[in-house]
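Produce the entire structure from the sequences given, and follow the hints as far as they go.
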Amino acid sequence: MIDLVAISPCEGLLPLTVGAVTLSEPEMAPLALVAPMKGKEASLAKAMQAAHGLEWPAAGETSKADGAELIWFGRAQALFVGAEPSAKLAAHAAVTDQSDAWTRVLLEGAGARDVLARLCPLDMRDTAFPVGATARSEVFHMQASITRLGDDSWHIMGFRSMAATLVHDLKRAMESVAARTQG
Amino acid sequence: MRIACPLCGERDSREFSYKGAALALGYPSEEAGFEAWDDYLHKRDNPAGPTRELWYHGSGCTAWLVVTRNTMTHEILSVELAEDAPESAQENTQGANA
Chain A
1 MIDLVAISPC
11 EGLLPLTVGA
21 VTLSEPEMAP
31 LALVAPMKGK
41 EASLAKAMQA
51 AHGLEWPAAG
61 ETSKADGAEL
71 IWFGRAQALF
81 VGAEPSAKLA
91 AHAAVTDQSD
101 AWTRVLLEGA
111 GARDVLARLC
121 PLDMRDTAFP
131 VGATARSEVF
141 HMQASITRLG
151 DDSWHIMGFR
161 SMAATLVHDL
171 KRAMESVAAR
181 TQG
Chain B
1 MRIACPLCGE
11 RDSREFSYKG
21 AALALGYPSE
31 EAGFEAWDDY
41 LHKRDNPAGP
51 TRELWYHGSG
61 CTAWLVVTRN
71 TMTHEILSVE
81 LAEDAPESAQ
91 ENTQGANA
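Top to bottom, those sequences are chains A and B.
If you count by our numbering, then the first sequence holds residues 1 to 183, one letter each, in order.
If you count by our numbering, then the second sequence holds residues 1 to 98, one letter each, in order.
Keep in mind that the hints were calculated from the coordinates and are not lab data.
Fair warning: there could be bad hints in the mix.
Unchecked claim - Capping the alpha-carbon separation at 25 Å, the derived lysine to aspartate or glutamate pairs in DMTMM-like fashion look like this:
1) A:Lys-40 with B:Glu-83
2) A:Lys-46 with B:Glu-53
3) A:Lys-38 with B:Asp-12
4) B:Lys-43 with B:Glu-53
Remember, predicted model here, so these are calculated numbers, not experimental data.
Here it is as structure tokens:
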């Protein structure tokens, strides 16, 4: 039998530390896009609660339960992360496996926010972007999903085909922040 | 220029792309004839003042928005999701020509 070896999108590129900021890849996890069918938003929220104990996230929010997470992912869609979605969801939503479509990276450390501020046109202050909040926006020139996991910890997603670009752009911003903060 | 997306909040214009006058769903019936379709496809007012436009929040939530913008001052008067915009409102503002 053929033994396939899983290669993560940033294999050979990460982890990376520049100054006080580290860029790394979290463990690979199943990802599924959940998009409610028209008029089924309420019944999907119920089914999601029953199957996984997860609240359906409002715009800009995330929700967490044991072993799985929902990240708001745009108009009428959320990304289900970390487990296989229940087949019961299919009655209320289009559920598509996107595990291989995305690059996920973690940007952590003092100054991580300054790095993102160089690349994203977002208000990154605590009042506008608290821990647990998420946004769809740009990282340099690319569409991305940005979620704040902790005070100095951010989860960033970009298209898998652009993994090297995402790492390159973040690395350059990390270097310029580090150059500014040394001494 | 900043646009207040109903889902994402106020965002920089680089996240959006412009489509044109907010006519998209107000299209004529199939039997409406050549004149009506010619008008719908090709003829546009060029108002100096408030005009309704379609914008796409492609780098954000990917929603289509109906933005009412003053073409003389670039002031943005209102933003709503295209899916929520009333059918009649999806026709361009008439009589706004200064």
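Given the hint that Lys-43 (chain B) pairs with Glu-53 (chain B), test it: the Cα-Cα distance must not exceed 25 Å.
15 Å, holds
Does the structure keep Lys-46 (chain A) and Glu-53 (chain B) at a Cα separation of 25 Å or less?
Given that 25 Å is the threshold and the Cα spacing comes to 36 Å, the pair is violated.
Would you mind confirming whether the straight-line C-alpha gap from Lys-40 (chain A) to Glu-83 (chain B) stays at or under 25 Å?
16 Å, holds
Holds or violated: are the alpha carbons of Lys-38 (chain A) and Asp-12 (chain B) at most 25 Å from each other?
Roughly 29 Å between the alpha carbons, so the hint for Lys-38 (chain A) and Asp-12 (chain B) is violated.
In this structure, the hints that do not hold are numbers 2 and 3, in rising order.
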